[in-house]
Amino acid sequence: MSASVYIPCDSSALSLGAERVAEAVSIEAVRRGADLNLIRNGSRGMFWLEPLVEVVTPEGRIAYGPVQTKDVVSLFEENFLSGGEHPLRLGLTDEIAYLKNQERLTFARVGITDPVSLADYLAHGGYRGLKRALGMPAAAIVKEVTDSGLRGRGGAAFPTGIKWNTVLNAAAEQKYVVCNADEGDSGTFSDRMIMEGDPFVLIEGMTVAGLAVGATQGYIYLRVEYPHAHRNLNAAIESAYQAGYLGGDILGSGRRFDLEVRLGAGAYVCGEETSLLESLEGKRGLVRFKPPLPAIQGLFGQPTVINNVISLASVPVILDKGGVYYRDFGMGRSRGTLPIQLAGNIKHPGLIEKAFGITLRELLYEYGGGSASGRPIRAVQVGGPLGAYLPESQFDVPLDYEAYTEIWAVLGHGGIVVFDDTVDMARMARYAMEFCAIESCGKCTPCRIGSTRGVEVMDKIMATQDRARNIALLRDLCDTMLNSSLCALGGMTPYPVLSALNHFPEDFGDESRGWAGDAAA
Amino acid sequence: MATHPWDSGSVQEIIVRLKGKPGALLVVLHGVQDELGYIPPEAVPLIAKELNLSRAEVHGVISFYHYFRESPPGRRTIHICRAESCQSKNGSELEKYAKKKLGIDYHETSPDGAFSLEPVYCLGNCACSPAVMVNKEVFGRVTPERFDEIVSEMRTGA
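Each protein sequence line maps, in turn, to chains A and B.
So in our numbering, spot 233 of the first sequence is number 233, and the numbers just go up one at a time.
Just remember that our numbering sits 1000 ahead of the position in the second sequence, which is counted from 1.
Quick caveat, the hints were computed from the structure, so don't treat them as lab data.
Only a predicted model underlies this, so the values are computations on that prediction, with no experimental measurement involved.
Mixed in with the good hints there might be a few duds.
As the list claims (entries may be wrong) - 30 Å max Cα-Cα, derived DSSO-like pairs, lysine-lysine: (1) Lys-290(A) to Lys-143(A); (2) Lys-321(A) to Lys-143(A); (3) Lys-1019(B) to Lys-283(A); (4) Lys-1049(B) to Lys-283(A); (5) Lys-460(A) to Lys-1099(B); (6) Lys-1136(B) to Lys-70(A); (7) Lys-1021(B) to Lys-290(A); (8) Lys-443(A) to Lys-1049(B).
Stated by the list, open to error - Computed list of chain A residues with no C-beta within reach of chain B, every gap over 10 Å: (9) Arg-32; (10) Thr-69; (11) His-86; (12) Leu-134; (13) Pro-137; (14) Thr-166; (15) Asn-169; (16) Glu-183; (17) Gly-184; (18) Gly-248; (19) Ser-279; (20) Lys-283; (21) Ala-372; (22) Glu-439; (23) Cys-441.
No residue lacks a Cβ here, since even glycine has one placed at the ideal position from N, Cα and C.
Construct the complete structure from the given sequences, taking the supplied hints into account.
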């Protein structure tokens, strides 16, 4: 009997040697004459256990990890193909607490299926949402998404149903669906995991969006730093075309939806939706003035739905199980689940999809197991490079859009970067300004010039030059950037800077808070 | 990435093949860089002519995006992530080490033409920081020792 073995092709797993492990397993199987069916899945999202090797047994999938090539012979010796005992044996994958306690709706298939196998996608509930949508009037599809309470997972948290409704009601010959797959925030990788681990779910979500708003052309704007996602998306799109899930006559319905992947070129600002549209049009990624909204005048001046990968990948489950099912997860006005990405200096980094309302403390200690270095966790940046740094006193605030707004923080795309007590928060504040200067599109002055001045002021503060005055100047500069930048890049760079200053004044030698360093200097 | 000498015929072929796509400029630039490893300044007038753009517009787009380059890269391009997650795992030390080891700064190519060094702002490998990408291969939890291994494997493989 042929044994089925799963070894991820996710790029983080590959970055830890999954390709070599897969080769070694194949070679050893041939050497022993073992009949092996090797499947390259996405990652389960438990990255301290990668490369995670799974074997199908009558009891379920048994996991071994982290496996290196040197372990392969002993795995065969201990008969891992039948789930044999081994120091790396972790038991049933689904019973691992990190995974078992999650609420995986969007990530239901990631790590379980062969990402580029349409048959596997269908066997695991794929395309049920599209089939239901094909029998519904456009307005009913939009209503289902509105009822789900889904809000843009890219960071802005704008209600997806309202956006779709605007495009549905905009009259035009040509409308577009654009997927923002320019996942540039440090600490985030959920888009990548979906595109590498279950690309069909994104394709299905975009197709449903096309049906809902009357768009016949879709583009996935993918960052060039994701070559594996690019390959899997293209393979899945080709299969979808061949099987009639894309093209001029979707499943015999007479409806058209075409889809193409376009690559970015390393500009962070192109994650901003209007800059992204400019880039898709073949131009410099300069941010546009709003209004007009992209929903009215978007790509090539036409009505355009532009959504993040996770938003679109959540649409199939909403259409399949109903908006009410999805809405029943979460708290307050934050409905459904958020794929949280735990990264940085953390013992158990990974992907944790949970209903809104979980706290950082649960994530950092119950899931994350504390810092990787073993030192105390001092600061946590939530929501990417434009997100605030949170001190320990805020670890009990529930992850909820409104609750975070109240503490002047953002959930963003759900990325969490952990720092231990060796971090210098003044340096992180300087970096935030430096990053903004490097990535600014240059269209508006507060962002273009403000960020450069910000680096200079931070240099002075760090060199203990006239600190009280320079800190006042930094606050003033942040106020200008916050209130007068054209987009979130300049407008939110003050979040990491000011939160670092406010919560960790000792690192800035802030005399107003009782630091005596300047007097000594 | 393989680099090939400037050849107007192959560039012309790429432009003609891709220029019909809506908003084709980035697609064309990717096509040229995929083929040659960079976008030769001599290609700019050709691209401009075929896409009915000014040379300034084409140059403006090339210079806007960090990924596009106008000079040939080394045989391998090493991207080191500078973003927050990697910083939390000693990424800044790795950056310093790599520059010293290769004897070059960012945006430079080693004298033997083996390596170019570029910063990158997130590879989406934040669960395995610090991260490095060599051409299109990503490496995680890169310590200075691991960096040495990667570089020497590449040198042998080159």
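**Prompt:** Taking only the CA atoms, is the gap from Lys-1136(B) to Lys-70(A) under or equal to 30 Å?
**Reply:** With Cα atoms ~25 Å apart, Lys-1136(B) and Lys-70(A) stay inside 30 Å; holds.
**Asked** Checking the smallest CB distance to chain B, is Ala-372(A) really beyond 10 Å?
**Response** Given a closest Cβ separation of 7 Å, the condition is violated.
**Message:** Just to be careful, I want the Cα atoms of Lys-1019(B) and Lys-283(A) compared with a cutoff of 30 Å; is the pair within it?
**Reply:** This hinted pair holds, its Cα atoms lying about 14 Å apart.
**Asked** Does Lys-283(A) lie within 30 Å of Lys-1049(B) when you go C-alpha to C-alpha?
**Response** At roughly 16 Å apart (the allowed maximum being 30 Å), Lys-283(A) and Lys-1049(B) satisfy the hint.
**Asked** Any Cβ of chain B at or closer than 10 Å to Ser-279(A), or is the non-interface label fine?
**Response** violated (6 Å)
**Item:** Least C-beta distance between Gly-248(A) and chain B, which was stated to exceed 10 Å
**Value:** holds (18 Å)
**Prompt:** Glu-183(A) clear of chain B by more than 10 Å, beta carbon to beta carbon?
**Reply:** violated (6 Å)
**Asked** Once the closest CB in chain B is found, is it more than 10 Å from Lys-283(A)?
**Response** violated (6 Å)
**Item:** Cβ separation check - Pro-137(A) to all of chain B, threshold 10 Å
**Value:** holds (29 Å)
**Request:** Mind checking the alpha carbons of Lys-443(A) and Lys-1049(B) for me, to see if they're no more than 30 Å apart?
**Result:** The given pair, whose Cα atoms are some 27 Å apart, holds under the 30 Å limit.
**Asked** So is Gly-184(A) really clear of chain B, every C-beta pair being over 10 Å apart?
**Response** violated (6 Å)
**Request:** Mind verifying the non-interface call on Cys-441(A)? Its CB should be farther than 10 Å from each CB in chain B.
**Result:** Non-interface label fails for Cys-441(A): nearest chain B Cβ at 8 Å, not farther than 10 Å.
In this structure, the hints that do not hold are numbers 16, 17, 19, 20, 21, 22 and 23, in rising order.
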